[in-house]
Amino acid sequence: MTETEMDELRERLEKYVGKPMGAAAVAPDPVNLPMIRHWVAALDDQNPVYLDQEAAAGSRFGGIVAPPAMLQAWTMPSPKIEGIAERGGAPRESRGENPISILDEAGYVGTLATNSELEFLRYLRPGDHLHTTMELESISSRKNTSLGQGYFITWVTNYFAGDEEIVGKQLFRILKFDPSSIDPSSLKGSG
Amino acid sequence: MKTAIPSSNVKVGHELPEFALPVTSTVIVAGAIASRDFMPAHHDPEYARGQGAPDIFMNILTTNGYVARYVTDWAGSEAMIRTIRIRLGGPAVPGQLLRFTGQVTAVGEEADERVIEVTLRAVNDLGEHATGTVVVTLPLT
Chain A
1 MTETEMDELR ERLEKYVGKP MGAAAVAPDP VNLPMIRHWV AALDDQNPVY
51 LDQEAAAGSR FGGIVAPPAM LQAWTMPSPK IEGIAERGGA PRESRGENPI
101 SILDEAGYVG TLATNSELEF LRYLRPGDHL HTTMELESIS SRKNTSLGQG
151 YFITWVTNYF AGDEEIVGKQ LFRILKFDPS SIDPSSLKGS G
Chain B
1 MKTAIPSSNV KVGHELPEFA LPVTSTVIVA GAIASRDFMP AHHDPEYARG
51 QGAPDIFMNI LTTNGYVARY VTDWAGSEAM IRTIRIRLGG PAVPGQLLRF
101 TGQVTAVGEE ADERVIEVTL RAVNDLGEHA TGTVVVTLPL T
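Protein chains in written order, with my numbering: chain A, 1 to 191; chain B, 1 to 141.
Same shape as in the complex, but just chain A (with noise of 0.2 Å):
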């Protein structure tokens, strides 16, 4: 690929920049006891303000609230299993055109996360039902990586409670990298 191509691609990514993400996400269930049993369970955190009612109710809480890390799972869309692996691991179809499968596209077909950046404005506690919205908040030039050249993306999540209570955040940052770019000499001839 050539110098002229690569900023093309980068032009074609510019107009989802400050963009929402996607629809709204919203949870299949409010924050409910069965799945805070299953987190702790899976993590074994004795933390007794998650599950044990009188710890909790005698807390700084008043009673129980969720796992703040499980923030993210409350809004995992539900999956159709047959068919993940094909699809890359998407839990569902993924409609339309958008930033990742036009880096996809051409080429950038790998993916590696490199940030999270998780804010909690309130500890959830159950009946909490949440919904999302998701913004794309930059990509950047085209760099060279040691897993080859690529572009970082990087997008904010804001967790919703009710109609308008903002509960949480999530900034996450991504590099879709071409794995085959890996050596920046092999490029020089093809420009």
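Everything labelled a hint here was simulated from the structure, so no lab data went into it. There could be a bad hint or two in this list.
[Said to hold, decoys possible] Quick partial rundown of chain A residues pointing at chain B, CB under 10 Å, derived from the structure:
id, residue
1, P28
2, G88
3, S116
Model, not experiment: these values are computed from the prediction. A virtual CB, placed ideally from N, CA and C, is assigned to each residue, including glycine.
On the provided structure of chain A, position chain B as indicated by the hints.
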């Protein structure tokens, strides 16, 4: 587990006790499914190797969960986490210990809370799996 540390004793430079998690396939799969993450890379070794990974690897929700647990195991059940900011490195894979270390890097006061920043890292044989900071608050006592 109430308050493992009196919040007035928390000083910059204080080291958190090390925690070593023996990562197994079960640890990875249990965390992935409890977080409703059904990506095959977190439960199917053949799929994971096809993606260039050495084996199945821990999903990010589980990593964040253990980072949170590492801090609240130390700070106690009155602790409230405000932020978890991590940079992700190599994968956490079965058969390796994931070692968590951390220290207090900032302490402040806000209204009726003590605000504590912990800088931490989780490392295995492949190198750094996650590095970053957790900001946690404790009621002033």
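Broken hints, numbered, in rising order? Every hint satisfied by this model.
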